[in-house]
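Let's have the full structure, built from the sequences with the hints guiding it.
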Amino acid sequence: MIYPTRRAVLATASGAPVALLLSVAVPSAWVAAPLWVAVVLALVAIDAVRAPAPPVLHVTAAGAVGVGAPVSVTLALDRATPGAEVALETGPKLVAADVRPIVFDDGLATTRIYRTIRRGTDGVSRAWLRWSGPMGLAWQQRTLAIDHRIVITPDIRPVRDEGALLLRSAQAGQLARIDRGEGSEFEALTEWRSGMDRRAIDWKQSARHHVLLAKDMHVERNNQIVFAVDAGRAMADPVDGVPRVDRAVTAALLAAYVALKLGDRVSLFGFDARPRIASGAVTGVRAFPALQRLAGDLDYSTAETNHTLGLSTLAAGLSRRALVVLFTEITDQTGAELMIQAVDHLLASHLVLFVLIDDAELDALAAAAPVDVDAVSRAVTAAALLRERRLVMTRLRHLGIHVIEARHDRIGPALVRAYLDFKRRNLL
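The sequence shown: position 135 = 135 (the working numbering), numbered continuously.
To be clear, the hints were calculated from the coordinates, so they are not data collected in a lab.
Hints are supplied without guarantee of correctness; some may be wrong.
Subject to a maximum C-alpha distance of 25 Å in a straight line, what follows is the list of computed DSS-like cross-link-like pairs (lysine-lysine) [claimed, not checked]: (1) 204 / 215; (2) 215 / 423; (3) 261 / 423.
Small disclaimer: the values here were computed from a predicted structure and weren't measured.
Quick look at the structure:
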């Protein structure tokens, strides 16, 4: 495909005023206008003929990347072609900060950075390559089929970056001891010290020996940890460009990695209007890739979350006491009431932990300066929503449910710290 460049269009347009003035001054010279257009068109044709042969475009990119992570797409030409430009066609899951055509500055290679905003499969499907002739008057363009697929997986960068650090912190100061089977067991009597759990005090032995003694229990292993991820409509809202459900999956994978390293059993459960994914309890770090693949199958949903159906299905599949970690979002008082009723049935047999992502957008709206009526209205509405959210969190805590609320980039470490605290306090 050949078409004129911007320079050719401007050259044609610039001759119009001159031709108009000339035809007014000398009416017989009206032929100058079409003659000028013909000259420019002839130059465009000559430039197109003298343009270099089409270069070969090579497109390379990573085959898999975590959601929210940048992906670099490298474009290279087989030979230097001055003025060459490329436009890429990608799917909706890849977003570029710069949407202008890609220019080859050095004539050989260049890079475009994209950000992944959703899980799934996306990539570069087509490319439009164009280059100009030596005079810069004619573009030659080719459409190339690329079909380079990029698999966007749950983000496990925090697992690699923070998992080992959190494990090292958890294991610091631990004494070497022999593991004698599963569950919690009595190890020895020791003198009670400040900071120990008061429930561990053995009052009968303390009275007999006239000193306050506590039971030193073997740290419980092989606990069951269930990560339940709400994938409903509210969890599809983006937080800093990435949906809440993806933030939740990343935090769940980080905590699952730590739990597997510490010898506990981990399972994953996802639901919206109905249960979507469910894994059996797995042990050992070798099972982590299977959890990661299953988490990648948890699709986005526009349906309202049915906590009653989801949590009752989850409870029916649990045969022993477990720590149930629920990632969800509080949107309104009515939905929160149904959620509390559904969770209340779990409390009799299980330890429940709610994980909420701090809504920075609502905080910003509530704290915004009242510059106009619309700003005041938004601030009042945001403050009311935040107040309802805090009321629901208070009710959950009064019921004996543990609640974590943190920024999206700190929710994973906060969850791991809570899990390790439960383990130290023998609550699992």
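Hint check:
1. 204 / 215: holds (11 Å)
2. 215 / 423: Holds: residue 215 and residue 423 sit about 16 Å apart, inside 25 Å.
3. 261 / 423: Status holds; Cα separation ~13 Å.
Consistency with the previously given hints is maintained throughout, with no hint failing.
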